[in-house]
Structure formats: structure tokens, C-alpha cells
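Residue numbers (the working numbering), protein chains in the order written: chain A, 1 to 174; chain B, 175 to 431.
It is worth saying that the hints were derived from the structure and are not from the lab. Backbone N, C-alpha and C fix where the C-beta goes; we use that ideal spot for every residue, glycine too. Careful, some of the hints might be misleading.
Which chain B residues face chain A? A few, computed with CB under 8 Å, are given here [as the list claims (entries may be wrong)]:
no.: 1; residue: Met184
no.: 2; residue: Ile203
no.: 3; residue: Ser218
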Amino acid sequence: MDEDVRQEMIALLPRLRRFGYSLTGSMDEADDLVQGACERALLRLDQYERGSRLDSWMFRIMQTTWIDRLRATRRRGTVNDPEMMAAVPFDARIHEQTEARAALDIVRAEIALLPEDQRLVLALVTVDGMSYKDAAEVLEVPIGTIMSRLSRARKRLGEALERPRAAPARESRA
Amino acid sequence: MRRLDDEILMAYADGALSEADRRLVETEIARDPQARRLITVYRSTTALARHAFDAPAWSEPPGRLVALISARPHCSRTVHGWPVWLAGSYGTGGLAALGSLAILAVLASAVWQLIPAGHDAAPADGKPAQVAVGPVPRQSELARVLDDLSADASHRRDRRFSLVATLTDKWGNTCKEIDARGPSPDTPPAFVLLACRAGVEQWTVVGAVAPAVDRNGSRRQYYVRSEADAHDALSGILAMIGAKQRASALKPETTQQ
Chain A
1 MDEDVRQEMI ALLPRLRRFG YSLTGSMDEA DDLVQGACER ALLRLDQYER GSRLDSWMFR
61 IMQTTWIDRL RATRRRGTVN DPEMMAAVPF DARIHEQTEA RAALDIVRAE IALLPEDQRL
121 VLALVTVDGM SYKDAAEVLE VPIGTIMSRL SRARKRLGEA LERPRAAPAR ESRA
Chain B
175 MRRLDDEILM AYADGALSEA DRRLVETEIA RDPQARRLIT VYRSTTALAR HAFDAPAWSE
235 PPGRLVALIS ARPHCSRTVH GWPVWLAGSY GTGGLAALGS LAILAVLASA VWQLIPAGHD
295 AAPADGKPAQ VAVGPVPRQS ELARVLDDLS ADASHRRDRR FSLVATLTDK WGNTCKEIDA
355 RGPSPDTPPA FVLLACRAGV EQWTVVGAVA PAVDRNGSRR QYYVRSEADA HDALSGILAM
415 IGAKQRASAL KPETTQQ
């Protein structure tokens, strides 16, 4: 039985890592966070209710681990991970490449500035694709709370994207 | 016209409304450009936020995470012969993962067999005890050695302890690498161990290297092949726990590169 849970946990790693990245803003910190959460989960494996959703349980542990670390370090999200940013695939349907990267930079920077509760909801619903109901289960709050936090976070992102910005400096050619 | 809540518009943008509610919203937003604009904002932020944290790398989790989850509690025979150091957190915030604990138990068992009784971690009451990987009892001799050992070698009974290095691991915990020899400094170490602690928390032995013991109880060879191999192994594991700073190197003959 444990073996099944472990395999399922390994299969969850891509989602957990992306969730961690959206919370911390750094790929390395994301992996550290995932490792910390997995350590906790494995130590408490006997508390996992067989048959219940492992992803909800793991995301909840990720969330508490992240909050604990935030409290311990009093540190907010960090700068974008250059390695990760370079790996972001180009999507010509959204923007021209440079503009798309700039927009993604803004998104990451704004998400890092969101209050923790809004960032968590955004990471779960918008980044991971969880339903409102599942996110409410993970965070143990009513669906209405999820929706209001999410709405505020996305409006704030939208405002940030619409804000006028200085044009990037271009190299002039003689 | 009734102004729709932002949350309802967001649920519409996310496709989270029932068919009846969706039709109702569509009727309303047909007359409300502000609502349509907000729906556009919700949709665009969804696409961008998802895109911002997406990367092919996620599908290939680091081996250390997979190994951590895959580690079984009863795999002692798979780590024989080599020093195993724990790459995990200790002290406040959880000693280690179950996987790490599995390794810990294995190494504790191994060291238990290899270190002769009556020397190294004897409690204050003088009863014989042995070095084991894991938390160091607060009243033990080993705890006092770890607390007190600085530049000078410390003699405890017939054992001579030396501080090889003071380190800081990637979690900011203080670690000490010490070796224990017989009364003569020329004898090879009975063992070399690394212990860490967070703040003033209890010390935790996170790894050790010991010489092998043959069936007669005498040491014939190192648990790893040589002292140099032992220290190479320690260096590799120090890198695993991110111990980058070496504040002291007091014993050149046993200090790593």
C-alpha cells in the first residue's frame, strides 16, 4: 500500500514543483520546498487516509511547509530564476517573443508581491488548474473565500499588466 | 441592470458556472462592457500565470526527490560498506525524512557494530554506550565533546577527540566534524563523524565513517578502503548537505581537501 502512495507521490512531483515555484519565485527554492514537504509527508504517512486524494493532502502539506518557512525567515518571494525563465517556452500566439517574456516577468514579479493568501489561491487554481472546491479543501476555507481572494489577485495582475512601462533599452547600431 | 459580482464573472471566465448561470451571465454581460472587460482580464491572467510557471523541466524531477520518496525503511543490506550521510534537515523543523531515517537507522546499525563499546558516547553515569547516527543524548559524553571541542584536542578516557572542521550546512545549521583516535595521535581514527544542530538544539550525528572490525574484534581495514577514501566520501556528502564553509582545519593529516 505504501508503495502505491509513494509512486503516486512521485507522479505528483511536477505539479508540486510548479506550485512551489509559483510560491517562491525560484526553482531551487521550489525544490527545497518540495523536499521539505515530502519529508513531512513521509514522516506522517500513517496519517494519510487511504482512498482520499493524495494531491489535496500533499498540496496542504506544501502550503503549511511554505507558511512555516515564511514565518521562520520572514522572507517573501525572491527574484525570478534566470535558468527557469530561459526555459519558459515561447508562445507566438500570445505575444511577440520579447513582449511575451516581459509580460511573464511582470506576472511573476506581481505574483511575488501578492499577499500570501492570494498567492496561494492563485498558485492552486490558476497555475495548477485546481477547481475552486479542491482549492478550498486544500486550504480549508470556504469556496467564497477562495473566489474572492482569487478575483482580487487576478484583478491586481491585470492592472499591473496594463500599467504603462518604460520601453526596454535597445542597442543602437552605428 | 443588475451588476454582477466580480466573483461570478470570474467563475464564468473559468467555465465554473452551471449552464443556467452561464446563460444568465451572458445575458447580463451583453449589455455591460465593463463586465466584458473584466472577463477578458480574468482570462488573460489565467493564461499568463499558467504560462509564467510552466517549463519542460517539471516533468523531470531531481533524482534526490525521487530517491527520498522511494527510500524504504528496511533496506539495510543495500548500503553496506560505505559511509552514508544524510542530506536532509535536522533540528528544528523535523529531523529528516522517513527516507533519511531509513538510511539513518541503517548507518546507526552499522556503526553500532563497528565501534567498540565503552568509549565514545558514554552517558554521565559511566555506563558503556556506543556511537550511533541520530540524536545525541544531551547528557552523553559525545554531547559534551561536541559542545566543548574547539581548537584543542579533547581527551576523554582513552579517546582523543579532534575538531577537523566547523561547518555551516545549507539550512544554516552549525555542524562539527570530529575524529576520535586512541591516546596516540599517530593511530588512525577510530571514527570520524559529522554532527549538526540548529541553534542550541540537540546535536544530531548525521554521518560517520568507521574502520571495519573483523570477526576477532580487531580493526583490520577501514570500513571504506582507506582513510583517504573515507575523507573523499565525507567531502562528497558534505557537498550534498551544502556545507560550504570550513571554518577550521585543525588536523592536516585528516582534513579534507
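Status of the hints after comparison with the structure:
For Met184 (chain B), the shortest C-beta to C-beta distance to chain A is roughly 5 Å, which falls under 8 Å, so the interface hint holds. Taking 8 Å as the C-beta cut-off, the interface hint given for Ile203 (chain B) is violated, the closest approach to chain A being about 16 Å. Because the closest C-beta pair between Ser218 (chain B) and chain A is about 7 Å apart, less than 8 Å, the hint holds.
In summary, the structure is inconsistent with hint 2 from the numbered list given earlier, while agreeing with all the others.
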